[in-house]
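Novice: The primary structure of each chain is shown beneath.
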Amino acid sequence: GAGVSQSPSNKVTEKGKDVELRCDPISGHTALYWYRQRLGQGLEFLIYFQGNSAPDKSGLPSDRFSAERTGESVSTLTIQRTQQEDSAVYLCASSREGSYGYTFGSGTRLTVV
Amino acid sequence: AQSVSQHNHHVILSEAASLELGCNYSYGGTVNLFWYVQYPGQHLQLLLKYFSGDPLVKGIKGFEAEFIKSKFSFNLRKPSVQWSDTAEYFCAVKGAGSQGNLIFGKGTKLSVKP
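Going line by line, the protein sequences match chains A and B.
Quick note: the first sequence, position 94, residue 94 per my numbering, numbers continuous.
Residues are numbered in my numbering as their position in the second sequence, beginning at 1, plus a constant of 113.
Hints are computed from structural coordinates only; laboratory data are not their basis.
Below are the DSS-like pairs computed for lysine-lysine, each with C-alpha atoms no more than 30 Å apart in a straight line:
id	chain 1	residue 1	chain 2	residue 2
1	B	Lys191	B	Lys226
2	B	Lys174	B	Lys219
3	B	Lys222	B	Lys171
4	B	Lys219	A	Lys11
5	A	Lys57	B	Lys162
6	B	Lys182	B	Lys162
7	A	Lys57	A	Lys11
8	A	Lys15	B	Lys219
9	B	Lys191	B	Lys222
10	A	Lys15	A	Lys57
11	B	Lys222	A	Lys11
12	A	Lys57	B	Lys219
13	B	Lys174	B	Lys184
14	B	Lys171	B	Lys226
15	B	Lys226	B	Lys174
Produce the entire structure from the sequences given, and follow the hints as far as they go.
Specialist: Rendered as structure tokens:
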């Protein structure tokens, strides 16, 4: 597609439930990144995929968070047993190999009640 | 540890005023530097970037930034702001030539009064 697509755009979930957030990167972009933006704070790196290499998971805040990517296409970020502090906008970005300019999606606003 | 500091949380200016947003980084090596902008209700967009060469880089919409290596700074400037510049601005750093993620500052919210 023309841009990075994220779904859903908004998600309200009950504490303790699992959620899945989806990211469709730009076709041909080998790198894919997940960030989290909590209210009043900057972008917090979560995880990074580059081609077929092992993902860099160093930013995942707990083992409740996981992400997968199928080849160089769609990625899913899963949060298990959601907590209120997980409420944030989850942003996905992609880039071409060798390029450091990210293209961001519009994000998924997650609210845990 | 690698980090980016943006000194101003919220800046309020009148139209036609000059703008300078501070950004300092901590990184042990050669860096690539970025400014991103997020207009209300929109996604993050690249404003400008520095990789090498002329330390004064020009971006879209009249913005520019100067890389001062000795000060570990990459401040964003605009001579005359407009109401449409109201947005949140994020500075980011990445190790030059490296794979991996951008490290972002906490952002500066700019409000321009008409």
